[in-house]
Each structure stands twice: as C-alpha cells, then as structure tokens.
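Numbering (this note's numbering), first residue to last: 33 to 164.
FYI, nobody ran anything at the bench for these hints, they're computed from the structure. Think of the CB as a built atom: it goes at the ideal place given N, C-alpha and C, for glycine as much as any other residue. Among the hints, a few may not be true.
Restraint ranges, calculated between C-beta atoms of paired labels, are given here [said to hold, decoys possible]: (1) Glu127 <-> Ser47: 37 to 45 Å; (2) Arg55 <-> Asp124: 25 to 33 Å; (3) Leu145 <-> Arg55: 21 to 29 Å.
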Amino acid sequence: MNDATHAAYGAYLRSLADAMLLRDWHVVLSRTPADDDSRAQVSRHAGKNQVEISLGKEWLVLSPEQRRQTATHELLHAHTARLCRTMRRYADQAEGDVVRYVKTAFDDEEEILIDTLARVIAPALPLPPELP
Numbered sequence: 033m034n035d036a037t038h039a040a041y042g043a044y045l046r047s048l049a050d051a052m053l054l055r056d057w058h059v060v061l062s063r064t065p066a067d068d069d070s071r072a073q074v075s076r077h078a079g080k081n082q083v084e085i086s087l088g089k090e091w092l093v094l095s096p097e098q099r100r101q102t103a104t105h106e107l108l109h110a111h112t113a114r115l116c117r118t119m120r121r122y123a124d125q126a127e128g129d130v131v132r133y134v135k136t137a138f139d140d141e142e143e144i145l146i147d148t149l150a151r152v153i154a155p156a157l158p159l160p161p162e163l164p
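Given these sequences and hints, build the entire structure.
What follows is the structure, given as structure tokens:
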C-alpha cells in the first residue's frame, strides 16, 4: 500500500472510530499486513485506549461494503477490550481444562458478537474512500 492510500485509510479508520464513539481511542493503521488469510486484524494494547489494525493483502480487492464491514468489525474490538482483559486476567490466575474451555468459548463468542454487531452497524457508516 502506497503512502497516499495508507494515509487515506488511516483517516477513514479514524472517522469510523469517531462515529463509533471511540474518540478517546488512538487508532493506528499498521504498515505490516494481516496474517495470510485475514481480511484484517486488530491488536489491542493493554492499559491503553489504543488499537492497531493490520489490513489483509487482499484488502483493496474487497468491495467497499466488505471493507466498511471489516473495518467496523476490527474497531468494535475496542469496545470489548476491557471485558476481554478482565477475562484474560482471570484465566491467567486459574488453570485446568475448564479454564481453557471457557477462554476458548469466550473468544469464539466475542468474535460472533462482534461480527453480528458489525453487520448491523456498518451499513449506517460511510463507505471507504474511492482511490485511483
């Protein structure tokens, strides 16, 4: 992704974050691509209101609607960051098969929740910029 495209998508993510009531969050668009098969991925930074979003290698071939929904999905992780941090703290203090099961189930359910919310919220948000 060239510098102009990176800047345009960084500004787009910021505008979505503002619309999603994440004005107090620092949103960083990574220059490192997401894992091979991911459209995008997010890293939450513990103790900070900061997310770093990496876009997948196929990002620019997605439709504008798919890019909007994917960006919305990744930003929604900021809204669940504190809940997830609390769960991880608990899981780090406990051990055993039940804790591993609960952690895995929690992570799966968080993804389902965020994906559902993204499908509901994204259509009300602006589409990404059209770039030459």
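Each hint, compared with the structure:
no.: 1; hint: Glu127 <-> Ser47: 37 to 45 Å; in the structure: 43 Å, holds
no.: 2; hint: Arg55 <-> Asp124: 25 to 33 Å; in the structure: 31 Å, holds
no.: 3; hint: Leu145 <-> Arg55: 21 to 29 Å; in the structure: 22 Å, holds
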